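Trainee: Listed below are the residues making up each chain.
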Amino acid sequence: DMKVTQMPRYLIKRMGENVLLECGQDMSHETMYWYRQDPGLGLQLIYISYDVDSNSEGDIPKGYRVSRKKREHFSLILDSAKTNQTSVYFCASSNRDRGGNTLYFGEGSRLIVV
Amino acid sequence: GDQVEQSPSALSLHEGTGSALRCNFTTTMRAVQWFRKNSRGSLINLFYLASGTKENGRLKSAFDSKERYSTLHIRDAQLEDSGTYFCAAWTGGYKVVFGSGTRLLVSP
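These protein sequence lines are chains G and S, in that order. The opening residue of the first sequence carries number 53 in our numbering; numbering runs sequentially from there. The opening residue of the second sequence carries number -17 in our numbering; numbering runs sequentially from there.
Rather than coming from a laboratory, the hints here were simulated on the basis of the structure. Hints may contain errors.
Said to hold, decoys possible - In silico DMTMM-like links for lysine to aspartate or glutamate, alpha-carbon gap of 20 Å or less:
1. S:Lys77 - G:Asp105
2. S:Lys77 - G:Asp103
3. G:Lys122 - G:Glu74
Every value quoted in this text rests on a predicted model; they were computed, and no experiment measured them.
So here's chain G without its partners, still in its complex pose (with noise of 0.2 Å):
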């Protein structure tokens, strides 16, 4: 079963205080992505990661860092969360198919920092 899962899917938090997103994979694609989605926005990519500890920024990386230690895992981090951090987050997956690539997507996190 192909899924992308994201853990926690609802989170509230103060602002200043660390935020962990976290995401893994089971279909042990090499490539996972960060987004996240503001109205009238689309989809905006914070981080990239190509494979274990080789991760790239993205448009918008200010104000987060990423770690991926296993394959199947990419965490997303916020040291000290900001109120304009307020947004959903997708997690994303891809292999290269056919010469392709095709975007796995979880469910996403709704992240709201008072």
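Fit chain S to the given chain G structure using the hints.
Mentor: Relative to the frame of chain G, chain S by itself:
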């Protein structure tokens, strides 16, 4: 930079009717993927195309890399089709750019 213009931003359909969503690209894209975000907030894969057209039930998608666009056609719309639809275009390598979404509301 690479951009995707998705239209319309919102669409209302009566059950049984149909319409088309469109994404225009500012540069040549390698492939496109269409998603639907359902009422629970989950992103559901609909299509992945590197070229040509694909059809699945009442949905049909086309992608023309040279002309820099992709379309998603919905026919015989049903209430459960309501949601926000996104296109995502692969620029090359692993970079993907998303459209801003189309909010579809299907009413009786």
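Trainee: If a hint holds in the structure, say so; if it doesn't, say that too.
Mentor: So, going through the hints one by one against the coordinates:
1. S:Lys77 - G:Asp105: holds, 18 Å
2. S:Lys77 - G:Asp103: Holds, because 15 Å separates the two Cα atoms, which is no more than 20 Å.
3. G:Lys122 - G:Glu74: holds, 12 Å
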